[in-house]
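Protein chains in written order, with our numbering: chain A, 17 to 745; chain B, -3 to 366.
If you're looking for bench data, these hints aren't it; they were derived computationally from the structure. It is possible that part of the hints are untrue.
20 Å max Cα-Cα, derived EDC-like pairs, lysine to aspartate or glutamate [said to hold, decoys possible]: (1) Lys182(B) / Glu166(B); (2) Lys139(B) / Glu193(B); (3) Lys314(B) / Glu327(B); (4) Lys626(A) / Glu174(B); (5) Lys626(A) / Glu68(B); (6) Lys289(B) / Asp365(B).
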Amino acid sequence: MSRATLGWIVLSWVGFALLPWYGFERSASPTIADYFVSGSALVHGMRGAWWLLPILVPLGMALVPVLRPSHGQKGNWLVASGLLGLALIVLQGFAIGLNGWTLDILRGLFGEPGPSQAGMGYGAALTSAALLIVLCHGLAARGWCRGDAFITSSIGAVVALIIVFVFFPVSTILASAFADNSGNFAPSEFIAKFMDRSIWGLDCLTSNLRCGVAWNTLFLGLLVAFGTTALGLAFALIATRTEFRYKKLLRVMSVLPIITPPFVIGLALILLFGRSGALSNLLWEWFGVPRSRWIYGLPGVFIAQLLAFTPIAFLVFIGVVQGISPTLEEASQTLRAKSWTTFWTVTLPLMRPGLANAFLLGFVESLADFGNPLVLAGNYEVLSTKIFFAVVGAQQDQGRAAVLSIILLAFTLGAFWMQHTWLGKKVYTTVTGKGDAGIPLPLPQRVALASYFTAIPWAVFTLAVYAIIVVGAFVRSMGRDYTPTFEHFLTAFRVERTEWGLHFSGSAWDSFFATVKVAALSAPLTAAIGLLTAYLLTRQRFAGQRSFEFGTLLSFAIPGTVVGVSYILAFNVPPIEITGTGFILVMCFVFRNMPVGVRSGIATLSQIDKSLDEASLTLGARSSTTMRRVVLPLLRPAIVASLVYSFVRAMTAVSAVIFLVTAEYNMATTYIVGRVEAGEFGLAIAYSTALILVMLLAIVAIQLMVGERRLGRRSASAAPSPVAVQAVP
Amino acid sequence: MNKMSSVHSLSRPGASKKQAASVEFRNVTKRYGNVTAVDNVSFTIAPGQLVTLLGPSGCGKTTTLRMIAGLEMASEGQILIGDRDVTNLSAADRDVSMVFQSYALFPHMSVLENVAYGPTVQGVPKKDAYAMAMEKLDIIGLKGLEKRAPSELSGGQQQRVAVARALVLEPQVLLFDEPLSNLDAKLRRRVREDIRELQQNLNLTVAYVTHDQEEALAVSDHIIVMSNARIAQTGTPHELYEEPANLFVADFIGDANIITGDVASIAGPTAQVKIGGLNLQLPHRGASQGPVKLAARPDAIFLDEAVQAGGLVGTVRKTSYLGTQVEYDVESPIGNLFVVQYGRKDAIAPGTPVSISFATQRGVAIIPDA
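From just these sequences and the hints, can you work out the full model?
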């Protein structure tokens, strides 16, 4: 019996006998006694919560190998104890809810309403976690994963977290789509909701009426996918294959949207083209073009999404174009193909995976986007906003939200599936280790011209949009009154000196602190879980690895709105009742952003020779020591990438968060959206500018804290920049 | 608990007097899905010996080595190190160190930190660990370079750091996975002599994987030749070269002309073999009367420009002058022969008829399983 196993067995008892088993009523203020012993499962069990007492059996079983260490079947006892314990906890948790029995059968058998219990608290969480680890230690003792308890425990922990925070909510949303409002199974209602005219109607083809929201979403997605692919390719060709003077600027522009909250671009468009927008004013005064609301609807959303997602296509293409070996083009030229023929027959076909990938990414991003349609869509309804209004609007129809979520989920998963089966991992083909001395072919004249003509006006437009954002923050009111002012910043971020110290009286401070807190908590967690998963996927072999990988990447494919709805549906009732807490926000971010950590971890780990780990193992270091002393120091670039990404995403996300925020935990983005809806554009823009600045500072700080990877190479290594890794989900 | 005991053995004053251990494979099989990488292999490496696992790529030699290390787990069979069953022990629990083909030096640590890594992770205080590391760096001749990063060393020096790191825990068994493959030809010869000398001075049990038969012949006490996941032959370098057990070994170890002969009669241990009109007395090695295949080494075939009637006569087709030796392609009634002659001043011109004879004491052997 190792000390670690013993420790976890002790913890399982601590969770059961000492810590409060249930979460607290938020209204009642707990006394110190509630924290220890008196709130524990043991005491509850003695006082009538008899269903908690069977858990003592597995807890006792775990003690058998402790008391009789000579006994040979240590592994079997631990496995049985862990399995039984988890099963009992899950069973009682789901069978007995806040209002008695949760299942009709139980109600019928034991009478209504039956016992009731609240959501699980620290004790239940600790006992479950400890039992899970005991189970994994038992499996290791039985020889799983070469008998390495660290590896089995890591796999167990990641799998359990994914089940609780990805599969459980998604299956809840599926279940509620098939249920009527009172929670009974009603497939006919699902069919009725699913086939609804407002979803699949095709009226816009034949008459002036509106089309179904599903068609709207698909149409917008395709338009944006085409647009971003074309623009991204033009930018990438200019950046890699021409002597264009401002290439560096293109690179900078590609980073901007990552640190821009998603609706800010929509906001800037309103300030430019809205009825009282800056450009609309000019057009009216100079040319007599009447002011109109054309920006609200398909054109507005389309332009905003193009602006937001073109850089992602650009990053995909940069990698692909650079990955094309110049020798292939030189070979084509020595076979006397003209440069146009070479481009058309060699270069472009080699980019095919990149084209398809950029297209699918643009499509998926457009489908999942919530902020821009919310601000700009007007009467043009798309799925993501429709889901939101089904939950928070006047209808309050969760079943309808679930059905819409399933349709949106089907679209995005379909796109990801296509990407996976058609392209596999081709995106990651980079330059090989062999020296490749060829010089890339300069672009044929007409391709270069076409690229310049699409890219440069677009770049100017993007710069104009960002200029508006900055200017808008410092003038009284865009379009009407251009008096420079700090008024917006003062409203949002006023700090007053009072006799009891500094008082943060600005209206934005609460949401700002909450956002920074949640982002700062979720970033290290995301990086840790993501990199651990990447390590397990690349360095270990175990049964079910493929489905493990699928599970970790699944949460990325789920649009934020769907995540938000599913979290509300799943975590609003016992056994896991965490809505309204900061914890649910943190977990939401961790599992939405973890796949990026996984991807960048896999990319970096596959560049690190596996024999380094093996050398450490043969020198007597265990997996955990190897991880700490060899793998982690070499993973620094991936750590930076996933920390930066998860921090930034936590600060800028809107879609999932908007369902989960409360008065106590209001996030910056939802606060800004609220200001936009109230028409306070100046304040919203000022706050956004402040956020962008904070994120830039945070990125620099993370770089400094984690530090560079020390490889002792004489020349600087061509490590991929963290940003380039992020954009490819 | 294992960790505790190994820490204990490290801090024991007489730890350096640890005995070299034997390695034994008993019917070991390793499968990856449907592919059998190592098929029912049994062998023993005696304590203090250097044994080479030799074979073409994909024959299972590296998998065998990694199973000794504990980096791969056997699908079937038993593995014993020093008479202790280690079949289910993980790499960290086996008293075995390995020198990797790529050296696997930790790029984020200095030379000293690399070598001291083993004792450090076993819980030895840093000062003692560094002292142990310095001692080994001294043996290996790298004292003074301990502050450098691995990438600031030459290939040969990196190789020696890898050896020092593997030696620092004074393992029962030391493993080498193609340690010379990243070195240039001249350095290879020197490093392999260094490894051999070190092994003999420290009385280590060493298992050594290579695909280079010359390297194997030069350093080994014993060679295990592997082919298609099985052992083709085990023996001393001399045995393998002079008495190949089958066509594969004859062809793989050194160059060999495979020629067909006829056993006319067997008397005691020797057989009378007819090759294209010549009569040879050779050990019969279990062959019975009738046609047999023989391996004739290129330097065991003699050419003579003075053609005698009645003997075996061929024609030189191609001549290559290589300084120390001259190589010939000779067309003859028993097939085309590859012949090497040493210490000859003038090469025989192509087109010249020559009479062919064989050495009688060495270099020609009947192949039993062919």
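Query raised in the report: Going back to the hint list, which numbers does this structure go against?
Result: 1
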